[in-house]
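Assemble the whole structure, with the sequences as input and the hints as a guide.
Those sequence lines, one after another, are chains A, B and C. Mapping the first sequence onto the numbering used here, position 126 (from 1) lands on 155, and the numbers just tick up by one. Mapping the second sequence onto the numbering used here, position 91 (from 1) lands on 120, and the numbers just tick up by one. Mapping the third sequence onto the numbering used here, position 274 (from 1) lands on 303, and the numbers just tick up by one.
Honestly, the hints are just simulated from the structure, not real lab data. Any given hint could turn out to be false.
Same chains, same label: a pair holds when it works inside one copy or across any pair of copies.
Listed next, the in silico EDC-like pairs over lysine to aspartate or glutamate satisfying Cα-Cα at most 16 angstroms (straight line) [to be verified]:
| id | residue 1 | residue 2 |
| --- | --- | --- |
| 1 | Lys191 | Asp136 |
| 2 | Lys344 | Glu372 |
| 3 | Lys158 | Asp174 |
A quick note: this is a predicted structure, and the numbers were derived from the prediction, not measured.
Read off the chains here:
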Amino acid sequence: MPDLSLAKLAEITGATLHGEADCCVSSVAALDQATAGQLSFLTSARFRQHLPETLASVVILQTGDLDHCPCSALVTDNPYLAYAKAATALYAEARRDGSIHPSAVVDKTAEIAASVCIDANCTIGARVKIAEGAIIGANCVIAEDVVIGAGTRLVASVTLGKNIQLGARCLIYPSAVIGSDGFGMANDAGRWVKVPQLGRVIVGDDVEIGACTAVDRGAIQDTIIANGVKLDNQIHISHNVELGEHTAIAAGTGIAGSTKVGAYCTMAGAVGVAGHIELADHVHISGLTAVTRSIKEPGIYTSTVPAMPHAKWRKNFARLKQLDEMARRLKVLEKELAATKKEET
Amino acid sequence: MPDLSLAKLAEITGATLHGEADCCVSSVAALDQATAGQLSFLTSARFRQHLPETLASVVILQTGDLDHCPCSALVTDNPYLAYAKAATALYAEARRDGSIHPSAVVDKTAEIAASVCIDANCTIGARVKIAEGAIIGANCVIAEDVVIGAGTRLVASVTLGKNIQLGARCLIYPSAVIGSDGFGMANDAGRWVKVPQLGRVIVGDDVEIGACTAVDRGAIQDTIIANGVKLDNQIHISHNVELGEHTAIAAGTGIAGSTKVGAYCTMAGAVGVAGHIELADHVHISGLTAVTRSIKEPGIYTSTVPAMPHAKWRKNFARLKQLDEMARRLKVLEKELAATKKEET
Amino acid sequence: MPDLSLAKLAEITGATLHGEADCCVSSVAALDQATAGQLSFLTSARFRQHLPETLASVVILQTGDLDHCPCSALVTDNPYLAYAKAATALYAEARRDGSIHPSAVVDKTAEIAASVCIDANCTIGARVKIAEGAIIGANCVIAEDVVIGAGTRLVASVTLGKNIQLGARCLIYPSAVIGSDGFGMANDAGRWVKVPQLGRVIVGDDVEIGACTAVDRGAIQDTIIANGVKLDNQIHISHNVELGEHTAIAAGTGIAGSTKVGAYCTMAGAVGVAGHIELADHVHISGLTAVTRSIKEPGIYTSTVPAMPHAKWRKNFARLKQLDEMARRLKVLEKELAATKKEET
Numbered sequence: 030m031p032d033l034s035l036a037k038l039a040e041i042t043g044a045t046l047h048g049e050a051d052c053c054v055s056s057v058a059a060l061d062q063a064t065a066g067q068l069s070f071l072t073s074a075r076f077r078q079h080l081p082e083t084l085a086s087v088v089i090l091q092t093g094d095l096d097h098c099p100c101s102a103l104v105t106d107n108p109y110l111a112y113a114k115a116a117t118a119l120y121a122e123a124r125r126d127g128s129i130h131p132s133a134v135v136d137k138t139a140e141i142a143a144s145v146c147i148d149a150n151c152t153i154g155a156r157v158k159i160a161e162g163a164i165i166g167a168n169c170v171i172a173e174d175v176v177i178g179a180g181t182r183l184v185a186s187v188t189l190g191k192n193i194q195l196g197a198r199c200l201i202y203p204s205a206v207i208g209s210d211g212f213g214m215a216n217d218a219g220r221w222v223k224v225p226q227l228g229r230v231i232v233g234d235d236v237e238i239g240a241c242t243a244v245d246r247g248a249i250q251d252t253i254i255a256n257g258v259k260l261d262n263q264i265h266i267s268h269n270v271e272l273g274e275h276t277a278i279a280a281g282t283g284i285a286g287s288t289k290v291g292a293y294c295t296m297a298g299a300v301g302v303a304g305h306i307e308l309a310d311h312v313h314i315s316g317l318t319a320v321t322r323s324i325k326e327p328g329i330y331t332s333t334v335p336a337m338p339h340a341k342w343r344k345n346f347a348r349l350k351q352l353d354e355m356a357r358r359l360k361v362l363e364k365e366l367a368a369t370k371k372e373e374t
Numbered sequence: 030m031p032d033l034s035l036a037k038l039a040e041i042t043g044a045t046l047h048g049e050a051d052c053c054v055s056s057v058a059a060l061d062q063a064t065a066g067q068l069s070f071l072t073s074a075r076f077r078q079h080l081p082e083t084l085a086s087v088v089i090l091q092t093g094d095l096d097h098c099p100c101s102a103l104v105t106d107n108p109y110l111a112y113a114k115a116a117t118a119l120y121a122e123a124r125r126d127g128s129i130h131p132s133a134v135v136d137k138t139a140e141i142a143a144s145v146c147i148d149a150n151c152t153i154g155a156r157v158k159i160a161e162g163a164i165i166g167a168n169c170v171i172a173e174d175v176v177i178g179a180g181t182r183l184v185a186s187v188t189l190g191k192n193i194q195l196g197a198r199c200l201i202y203p204s205a206v207i208g209s210d211g212f213g214m215a216n217d218a219g220r221w222v223k224v225p226q227l228g229r230v231i232v233g234d235d236v237e238i239g240a241c242t243a244v245d246r247g248a249i250q251d252t253i254i255a256n257g258v259k260l261d262n263q264i265h266i267s268h269n270v271e272l273g274e275h276t277a278i279a280a281g282t283g284i285a286g287s288t289k290v291g292a293y294c295t296m297a298g299a300v301g302v303a304g305h306i307e308l309a310d311h312v313h314i315s316g317l318t319a320v321t322r323s324i325k326e327p328g329i330y331t332s333t334v335p336a337m338p339h340a341k342w343r344k345n346f347a348r349l350k351q352l353d354e355m356a357r358r359l360k361v362l363e364k365e366l367a368a369t370k371k372e373e374t
Numbered sequence: 030m031p032d033l034s035l036a037k038l039a040e041i042t043g044a045t046l047h048g049e050a051d052c053c054v055s056s057v058a059a060l061d062q063a064t065a066g067q068l069s070f071l072t073s074a075r076f077r078q079h080l081p082e083t084l085a086s087v088v089i090l091q092t093g094d095l096d097h098c099p100c101s102a103l104v105t106d107n108p109y110l111a112y113a114k115a116a117t118a119l120y121a122e123a124r125r126d127g128s129i130h131p132s133a134v135v136d137k138t139a140e141i142a143a144s145v146c147i148d149a150n151c152t153i154g155a156r157v158k159i160a161e162g163a164i165i166g167a168n169c170v171i172a173e174d175v176v177i178g179a180g181t182r183l184v185a186s187v188t189l190g191k192n193i194q195l196g197a198r199c200l201i202y203p204s205a206v207i208g209s210d211g212f213g214m215a216n217d218a219g220r221w222v223k224v225p226q227l228g229r230v231i232v233g234d235d236v237e238i239g240a241c242t243a244v245d246r247g248a249i250q251d252t253i254i255a256n257g258v259k260l261d262n263q264i265h266i267s268h269n270v271e272l273g274e275h276t277a278i279a280a281g282t283g284i285a286g287s288t289k290v291g292a293y294c295t296m297a298g299a300v301g302v303a304g305h306i307e308l309a310d311h312v313h314i315s316g317l318t319a320v321t322r323s324i325k326e327p328g329i330y331t332s333t334v335p336a337m338p339h340a341k342w343r344k345n346f347a348r349l350k351q352l353d354e355m356a357r358r359l360k361v362l363e364k365e366l367a368a369t370k371k372e373e374t
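Right, dumping it as structure tokens:
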């Protein structure tokens, strides 16, 4: 990890430096844990109390907090973004020279650029193409005809089905599976007959795919993950789904087949989205919400059912079965009362 | 991929050919994307608009659509099933000769049939038996005493626990785990003590198990997946669960311990099924539904809570806590109004 | 598997033996399946009917059931716990001698204790430390600087990210991932910029982590799994989460970032817990429940929405959107009726 001067960090982050340009930091820490030589940041009111006593050498913060900062400061409108850039620079991993571990099994027809690293126990299929600077971590499996862009990293234990395309600078976590068959079956008098899944998965640039996430190949056409999409762990992307640019989806979410999600959308954890619908750009779905119809307007959509003490739940949720009846009885009462009042007058 | 004549495809699919028996196709495409030499199909009203202009050489469709078909047609009651069969024939993979990759580690007591393929970096345990035509893709782990039926394929990166049985023609996707221990623990004054999980997983013929799906072994008796069951990605099947024949379950569903699901059932995505209950045959569960009790009658069951705009949700869902109170107040009003009216008369 | 005398089993389980101390059993079975030479147990009223006819040689049960036991009995207040101990003893696996399979790739700087087993096709990184008696099953990947405690077992196909610590006697199932990056991103005018995830995962002693479960490393500080925690399959633990001692979580649950869960908690399957909240000790969450706020009092909390026949659901759930309106109309009615009655008097 390199030591970086505050002047350099101001340049990297685009923040305005208040303090000692030559002072150097080598690592980061939370405000209340930082010591001399460390960088910290203030991104949430929750942590503001720790600012005056911090021992950090420099804090990234907004201008409104500058007065309470006991050390050098990097002032910016978006401290979290500046922190992301500073930490990325401080924790830059040493560039590895290209190498293929002798235990990796690489098909002789694969085209591997010179600077690619392929770690131990990987299996790389026929006609695979891997561009410069890619890192294929240990025990990955890459089936035939896969194309991997420059600088993409498969952390370890990733499995890519045949004919999948990954763009540049993607980051794929362990146990993720890209390009397994979609769940497509025809019914033959009760028995299921497999429908061959012939499409690909096309993943854009700068895409992140989390641990144990599965992205299925298209049935005929392709499943498409656009540039800048971020997928957390244990997400299910069905066949023919299309995810728009810079959409981010939290863990445990599932999106059923042929659904199109717009750009700049977010989904919190454990969302379920029905198949064959469309979500506009800038749609935000709350956690544990079921999206059963297309959403045409940007905005926040929710169906989370918040927990309550169990005894309270027993009483209230039993009434869910009576809701329609209650609504009808309410209407009857309204009519009757109106009639009563009319009689009186 | 073989070229097939329409006469041959009529034979394979059981459909009635209207058009040129000698015409050949070599691949499939959607109606609006197909070109000469391709087969297409019409299975949904959604795509009917594309039929008159399709450039496909042949379309699989129902008799009612025949008049609008500009090319040869294969007419059948179930076009999706016929398409499944046609596509399977057109995209048949070349049969591989049996082979064990030198990097695979196969215990010397394993019994591997001559036509089995075992790909790179696999680990096969003691006394494992693998029948003719099975394909064990790269980086799979098969623990001791596993039995695998003829023609079964582990795509890659599959892990099978000891003593598991898989039937014939199964298809298991990457990162799937069959035969990990069930979640069985006794409580000892607050601390959990592991209960050994001694049962097996018995998987029938023609079963499909999706990526990142986990099927736990039984506690004492076995977990049973019957013939023809299809499991999508990231499904959790707990210890001692029994799934009936030809039941299909979509991604993200979890079934708790000792529950018995009937035959010909379907579950849409992200369903949760409680433990120690029974579902009859032909039960269909909608997506994101909680099944908390046994279901004795065939039919569709649902508790999906559909998303609404967040502001609307805030207002309405806060009332869930008041539902029982509302029901009581409604009853009081009904009584009071009835009393008022009685007085009047 | 050893034969054990009932006297020995009484000693192991702490139960009181009624019957033949010298009688030996070698395996376990359910009450209605057991034969001579087998041990069985009665832990649930559901199975009481099978006790009088059981052919088991010995049954673990509570004192109230002793009169109906046709064979020897081990009497205890907690038969399930006693069964866990007895079965553990009966099915003890033979201790393996330390060994590193020649196909495993172990960095030369790793410190592997003499009694450790490392199975085929594993990849072990630089400076990894593995303590006595640990078993690293086939095809595991352990990144650099990981520390693994004595007696811990990675079943197979487990991936550990760099710098992770596992305590003693942990049990980790296939396709589990510990130490992938947390889902931390700053937003730069719509685009997501990765925030380096610099913390570790610290796992205590006697922790069980299920198949396809993913535990993310902390952003700056660590993700912490305390002693005795049990995690089922396909669970998602986000960055900086802290799980208290002896908490047990069933499959499919997700816990969002920085949330602290107390000790002795339980969560049933498919629970979702929001980020940045705290759950007290002894909190129990029902299946398919959304925890959106901190819970300060021990107890059971629930928001499960139970399934109903689909037609009933259509009628009732459409009313959810009207709930606030219904509540307001109810209030109006109450006022009007009160006014009517006042007029009358």
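(message) Could you work out which of the previously given hints the structure breaks and list their numbers from low to high?
(response) Number 2 - this is the single hint that the structure violates.
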